[in-house]
Amino acid sequence: MKKNDVILAAALIGIALAAFGGAALYSQLTTKEPEAVVRLDGEEKGRYPLSEDTTVEIRQEDGSYNILRVESGKARILKASCPDKVCVSHRPISRQGESLICLPNRLAVEIENGAESGIDASVLSR
Amino acid sequence: MKRIRYAKVLAAAALVLAGLAFILCKSRGPVRYEGQFYDCFDTVTTVTGYAESQEDFSRKVGLLKEKLTWYHRLFDIYHSYDGIHNLKTVNDAAGKEAVEVDAQIMDLLLFAKEMYGKTEGKLNVAYGSVLSLWHQYREEGQKDPAHAKLPPKAELEARAAHTRIEDVVLNEKASTVYLADAQMSLDVGSVGKGYAVQKLAEYAREIGLEHALVSVGGNVCAIGGKADGTPWKVGVENPRPDSGGTYITAVDLASGSIVTSGDYQRYYEVGDARYCHIIDPGTHMPPDYFASVSVQAEDSGIADALSTSLFNMGFEEGLSLVEGMEHVEAMWIGKEGETRYSSGFKVNEEK
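These protein sequence lines map, in sequence, to chains L and Z. Note that my numbering has the first sequence beginning at 1, numbered continuously upward. Note that my numbering has the second sequence beginning at 1001, numbered continuously upward.
What the hints contain is simulated information worked out from the structure, not anything from laboratory work. Quantities reported herein were computed from a predicted structural model and do not represent experimental measurements. Check before you lean on any hint, since a few could be wrong.
[To be verified] According to the in silico footprint, chain L covers these stretches of chain Z (three or more CB under 8 Å from chain L):
# : segment
1 : 1035-1041
2 : 1205-1218
3 : 1224-1236
4 : 1255-1261
Note that CB positions come from ideal geometry on N, CA and C, so glycine has one too.
Build out the structure end to end from the sequences listed, making use of the hints.
Structural data, given as structure tokens:
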């Protein structure tokens, strides 16, 4: 191998390493913070970072509503128009895959990018 | 000469890069998706699985919804649908005539009769007349909590006279169902969902979902483990959310189902007391044994039927029922949060 070949090979390896380093750094930087994702009838309606305290009213055309409260890194339903109030009595959620469900209003609030709970689904009496 | 050598080096470098890129892509593995739909069995269905793309996954979830909707309609006792004879059709014809039904309804009712025998009547799909009375009082109570009432004892007793499983007359050859008592009605709420989930799991495999987790309102069924071969981890919810953690425990699920019956989530309050939606055919009242019972079984229909039955009987009786069946395990959570397990119940970890 000639000197130039070595330089070329080294340069190529260097570029490759830089690219991978960049990709790793990029994925680190773009790792999103935990957020509560609101879906109505399976359709996404909004995302709210758990790091910012906020209150969101999710009102539908027929007048039904749920009031979502994000506070101290957790999300819960403060108030709702549904008859059963199952969503209101549910404990606050903060971990990956946890959800608040309001069946009558077809509302689901789910945590994305949250700390892994390691749980893929929960068996419950719904 | 020099050019050729450069070309060789470049080609080699390109190969290395391509190889690295391939490894990088591969290490990401198939992408995990989650889909959700409503309208089936009055609950929310969540499907977790893997696919080539979001479109591919959404299409498969759409097919699952179609399938589950079909079962929902067949087992519906409140609504009629054009072109199908469902359980409402059968109920409406009680005491009048036999109704020709789909093979799936026949199959479900045969299974339900078998489970009636195994559970000594704790699982009774002919219990509709009593359940409908509770349903009516529960709905009224939820709408107007200040005036919530319990169904009168005398009326419960009167209706209970019309719940004989022998009056559900099945003619397999003609594929007909006849309710021999005009005042009786079918309600498959304790078994229909589990039965449908089992069929849904089989269908999921047919459409190419080999690694998926389906939860129909907390009735969880695994189709294979995760894509990497490890089992899914399913948390058993704490029935008393005000105290303790989210989950009581977790189980590994690579195949089969786990189903819970509990006194939380679906109930109404009369005064200070809570009355859940499960009614014990022995007393015609919500049972008072446990906060929840979870049953793990290969077949989701069996898991569903048994979880309701076990919720309606004491621990000793339930335990001997479970221990007498193969590939069935159970976990009981008491009113004070105490847990008990059948001998083969495998806990993943205490949460």
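Consistency of the hints with the structure:
Counting residues of the segment 1035-1041 of chain Z whose C-beta lies closer than 8 Å to any C-beta of chain L gives 4; at least three are required, and the coverage claim holds. Restraint check on the segment 1205-1218 of chain Z versus chain L: 4 residues with Cβ-Cβ distances below 8 Å, three needed, restraint holds. With a cut-off of 8 Å between beta carbons, the segment 1224-1236 of chain Z has 6 residues touching chain L; three or more are needed, and the interface restraint holds. For the segment 1255-1261 of chain Z, the stated coverage by chain L is satisfied: 4 residues place a CB nearer than 8 Å to a CB of that chain, which reaches the threshold of 3.
The structure shown violates none of the earlier numbered hints.
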